[in-house]
Amino acid sequence: MKPVIVLGSGLAGYTLVRELRKLNRDIPVTLVSRDSGDYYSKPMLSNAFAQNKDATSLVLTPASEMAKQLGITLLAHTDVRAIHRHEKRLDTCSGALEYDRLILALGADPIRIPLQGDATGAVLSVNDLTDYAQLRDALGTAKSIAIMGGGLIGCEFANDLAVAGYAVTVIDPGPYPLASLMPEQAGKQLLEPLTKLGVTWRFGTAVQRIDKATSGYALTLAGGTVVHADLVLSAIGLRPRIQLARDAGINVNRGIVVNERLCTDDDSIFALGDCAEIEGRVLPFVLPVMHAGRALASILNAEETRVNFPAMPVVVKTPVHPVAVLPVARDAAGAWQVMASGQGVKMGFFDEQNKMTGFVLTGEYVGERSQMTKMLR
Amino acid sequence: MKVWQCVVCGFIYNEASGLPEEGIKPGTAWTDIPDNWACPDCGVAKADFEMVEI
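Heads up: the sequence lines are chains U and C, in that order. Count along the first sequence starting at 1, add 466, and that's the number in this note's numbering. Count along the second sequence starting at 1, add 2, and that's the number in this note's numbering.
What the hints contain is simulated information worked out from the structure, not anything from laboratory work. Predicted, not measured: the structure shown is a model, and the values here were computed from it. C-beta atoms are modelled at their ideal positions from N, C-alpha and C, and glycine is treated no differently. Among the hints, erroneous ones may be present.
What the hints assert, rightly or not - Under the rule of at most 27 Å between Cα atoms (straight-line distance), these lysine-lysine pairs were calculated in the DSS-like manner:
no.: 1; chain 1: U; residue 1: Lys840; chain 2: U; residue 2: Lys821
no.: 2; chain 1: U; residue 1: Lys534; chain 2: C; residue 2: Lys4
no.: 3; chain 1: U; residue 1: Lys840; chain 2: C; residue 2: Lys27
no.: 4; chain 1: U; residue 1: Lys519; chain 2: C; residue 2: Lys4
no.: 5; chain 1: U; residue 1: Lys519; chain 2: C; residue 2: Lys48
no.: 6; chain 1: C; residue 1: Lys4; chain 2: U; residue 2: Lys488
no.: 7; chain 1: C; residue 1: Lys48; chain 2: U; residue 2: Lys840
no.: 8; chain 1: U; residue 1: Lys654; chain 2: U; residue 2: Lys821
no.: 9; chain 1: U; residue 1: Lys534; chain 2: C; residue 2: Lys48
no.: 10; chain 1: U; residue 1: Lys488; chain 2: C; residue 2: Lys48
Stated by the list, open to error - With the Cβ distance kept under 8 Å, some of the chain C side facing chain U (calculated, not the full set):
no.: 11; residue: Trp6
no.: 12; residue: Val10
no.: 13; residue: Glu17
no.: 14; residue: Ala18
no.: 15; residue: Glu23
no.: 16; residue: Ile26
no.: 17; residue: Ala31
no.: 18; residue: Cys44
no.: 19; residue: Val46
Next up, chain U with everything else stripped away, as it sits in the complex (with noise of 0.2 Å):
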């Protein structure tokens, strides 16, 4: 019996097969991976430094623990070169796989931006284990930081680094903390708490040019104003991993094209997490993968089933001013509410039937997720 084999060994790769072994331990699974295919939780890696995590200590199962535990094959440091869809064949840089069905858990890559400057390769981006360890040897002799992106990402990094004491400073061209989640009276909650610690922020703005300077780098901003960081961190956005699937004439948009089976337009071939495009969707962050995994499990085990995503919220690792957040479509009917402000800040967001259909809880208010999230219903 050829294998099921599955592409990645993210969260999305990982949760299919953990999730599959609860259903059925005798479908053959073979599962490769780029990297070593270590088991680390990915959300630590922007909350790991002022904890003093090295990335060692950050693996949660090692892969050939993994291995063992879900009775799967292997295959680490494999690349994969093509898909040849007819014969049901992988070329891998250590020879070639038949599958009997494949899963594409391939995640996402940092959108860079261009940039000009003799400096644009300094540039770090943290998306794995891997970029952590370069990260961490980066900052050993850094005292500041300059951050582009004050997204989700953006901003945990901030909390994390300010917490470690260096001297950040975040660059986004948007008027607010995580501007593309939150209306601005939630976003601006953030301001002030990481001010303390010692954040500095720059809105309305981008990175133009980055070029060496006697020490560090100077980043030349929209406008003409000059940062000097000894640290350059890109936390722009992921960009699914499309090409491996497009190369082999299989549907993509933004992301690999699945409908609600998780299924792209041949049969045999799945796709799950940052590199799928779900119903025309790409969901980012932690719980779509969960709920996607579980319901391709049951697929592959011959059961009918459809992936249904719930409310899904989002929590902003911020401990200095936590925030979770279910955010809205942006062309959504209707408006923000503030429903209580204290410490932080509760809001709704309520549509034409003045029903609610999303919220943000800021500070004092980031417990009320649970209740908050019946109140959708």
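Add chain C to chain U, keeping to what the hints say.
Positioned in the frame of chain U, the structure of chain C alone reads:
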């Protein structure tokens, strides 16, 4: 008293200290936490994933 770790985000639940801010008293055993409880950090439901004993 045991300590549990969320395998998704690394959040630690210590039975001895509980989570008073979430209304879970110190000394609450993992098995006594309601099934609709969600990880305070990543929001994944208790029933959705395994907590590992560490």
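Cross-check of the supplied hints:
Between lysine 840 of chain U and lysine 821 of chain U, the direct Cα distance comes to roughly 12 Å. Compliance with the 27 Å bound is thereby established for this hinted pair. Distance restraint check for lysine 534 of chain U and lysine 4 of chain C: the Cα-Cα separation of roughly 25 Å lies within the 27 Å cut-off, and the hinted pair is therefore satisfied. Among the hinted pairs, lysine 840 of chain U with lysine 27 of chain C is consistent with the structure: their alpha-carbon atoms are about 22 Å apart, no more than 27 Å. Distance hint between lysine 519 of chain U and lysine 4 of chain C is fulfilled; the C-alpha atoms sit about 22 Å from each other, no more than 27 Å.
Straight-line distance between C-alpha atoms of lysine 519 of chain U and lysine 48 of chain C comes to about 25 Å, which keeps the hinted pair within the 27 Å bound. For the given pair, lysine 4 of chain C sits about 24 Å from lysine 488 of chain U by alpha-carbon distance, which is consistent with the 27 Å threshold. Proposed proximity of lysine 48 of chain C and lysine 840 of chain U is supported: the alpha carbons are some 16 Å apart, at most 27 Å. Only pairs whose Cα atoms come within 27 Å are accepted, and lysine 654 of chain U paired with lysine 821 of chain U is accepted, the gap being roughly 25 Å.
Of the pairs offered as hints, the one joining lysine 534 of chain U and lysine 48 of chain C holds, with about 24 Å between alpha carbons and a cut-off of 27 Å not exceeded. A threshold of 27 Å between alpha carbons decides the hint, and for lysine 488 of chain U with lysine 48 of chain C the separation of about 16 Å falls inside it, so the pair holds. Hint on tryptophan 6 of chain C is violated. Least Cβ distance to chain U is approximately 13 Å, over the 8 Å limit. Interface restraint check: valine 10 of chain C against chain U, minimum CB-CB distance 6 Å, threshold 8 Å, status holds.
Taking 8 Å as the C-beta contact cut-off toward chain U, the hint placing glutamate 17 of chain C at the interface is violated, the least distance being around 19 Å. For alanine 18 of chain C, the interface hint is violated, the least distance from its beta-carbon to any beta-carbon of chain U being 20 Å, above 8 Å. The closest approach between the C-beta of glutamate 23 of chain C and any C-beta of chain U is roughly 5 Å, which is under the 8 Å cut-off, so the hint is satisfied. Given the 8 Å rule on beta carbons, the hint for isoleucine 26 of chain C is violated: about 11 Å separates it from the nearest Cβ of chain U.
For alanine 31 of chain C, the suggested interface contact is broken, since its CB lies about 20 Å from the closest CB of chain U, more than 8 Å. Taken as an interface hint, cysteine 44 of chain C checks out: its beta carbon lies about 5 Å from the nearest beta carbon of chain U, inside 8 Å. For valine 46 of chain C, the shortest C-beta to C-beta distance to chain U is roughly 6 Å, which falls under 8 Å, so the interface hint holds.
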